[in-house]
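Undergrad: Got chain E; can you put chain D on it based on the hints?
Protein chains: 2
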Amino acid sequence: MKMEALVHLVSAIYVVSVLLGTHGPVYGRLVSVNDKPDPKNAAATARWLVSQNSWGVLNTISSELGGAPFGNVVSFSDGEPGKGSGIPYFYLTTLDPTARNALKDHRASLTISEYPIGTCGKVDPENPTCAKITLTGKLKVANGGPKEEIFAKNALFSKHPEMKDWPKDHNFEFFKLDIEDIFLIDWFGGPKPLTVDQYLQAKL
Amino acid sequence: MKMEALVHLVSAIYVVSVLLGTHGPVYGRLVSVNDKPDPKNAAATARWLVSQNSWGVLNTISSELGGAPFGNVVSFSDGEPGKGSGIPYFYLTTLDPTARNALKDHRASLTISEYPIGTCGKVDPENPTCAKITLTGKLKVANGGPKEEIFAKNALFSKHPEMKDWPKDHNFEFFKLDIEDIFLIDWFGGPKPLTVDQYLQAKL
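Quick note, the sequences are listed as chains E and D, same order. So the mapping is simple: our numbering equals the position in the first sequence, first residue as 1, plus 1. So the mapping is simple: our numbering equals the position in the second sequence, first residue as 1, plus 1.
Hints are not guaranteed to be accurate.
What follows is a list of derived Cβ distance ranges for each label pair [unchecked claim]: (1) K41(D) - R101(E): 38 to 46 Å; (2) G67(E) - F158(D): 30 to 38 Å; (3) P168(D) - K41(E): 18 to 26 Å.
If you're looking for bench data, these hints aren't it; they were derived computationally from the structure. All C-beta atoms in this analysis are idealised placements derived from N, C-alpha and C, irrespective of residue type, glycine included.
Same shape as in the complex, but just chain E (with noise of 0.2 Å):
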């Protein structure tokens, strides 16, 4: 069999197997190279990374730590899939670091590649065309009342279903970066200028 063929059997075999759940639940997987934007397009490119990823690496400081940077693998999302906010929510607990490290210092960052979504194709996941952002903020409760709740949830629990059965006694709360900096790479020479504003307005 040609290169070629297998190439696209494998496709074919894969898209199959994810229709037929043989894939996990968490979603952000279905996407194509052609999906993601010109990478000219710093704010699209910002927003499709952070709506198609369904985890980042969650930075606070920690006083535990001698206020090292402490990193965490956190399951987040923007929006209910295709309805990307670009504004990351969490569900967190103050029994992990994370949650206690925010409520002392707000100072947070969230980081995510493109490495595993799967469009990086063979390049190394440093690679400057394998895209990666850095959205630097406050790490604060989201209590902007019952319609954020709403939002909050129903953004979380459709990509990470699992959340719904998450123990009610760990008193777990709807977390949300407020994002003050934005460092994209995603292709060449160096990180991309982009606003907030910029990335809050762009459309996806």
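TA: Same frame as chain E, but now just chain D:
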């Protein structure tokens, strides 16, 4: 076609496609669930996570962003494939904020998820059975002399062949993380107690 037959076919074609090189050059993907240590063995699980992964999020204190914890997607290696030392090495340039931050304030952490290795099955990336580790310590230039430089080069370039061709005028240097604290979650019940000595002395 029955579901089970389909799953076997997908697996078989995946293996063939890996052998034919239609997958990327980054190592650490040919892993089966059977290779994963028993979660009760925290030291072995931690070393496995670090040696199997090719990238993580390296967190530093950002002097440019008001002391915020800044996470960056970074390729790393703790040794040649199958010869992990447990100590993560990096190839960094001060054109990137992570190296600039580390030279001003060594406090850092490296956060790694089992999720991209592919052994978490259908569970959510934040599920406690999908292991995650944060190594906290000091990020410094690896200046232990020619022997350490050879080790770092072999460790990184074997897992990240692209690094050989990174631009010479970017002045990349080898850095390493001097580990001081380990935060590992590999099952329910909170982080596993694990000292740096236990981690470094564990055999894979």
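Undergrad: Cβ-Cβ distance between P168(D) and K41(E): within 18 to 26 Å?
TA: holds (21 Å)
Undergrad: Is the gap between the beta carbons of K41(D) and R101(E) within 38 to 46 Å?
TA: Violated, at about 26 Å.
Undergrad: Starting from the hint 30 to 38 Å, judge whether the C-beta atoms of G67(E) and F158(D) obey it.
TA: For F158(D) against G67(E), whose Cβ atoms are near 33 Å apart, the range 30 to 38 Å holds.
When held up to the earlier numbered hints, the structure conflicts with hint 1 and nothing else.
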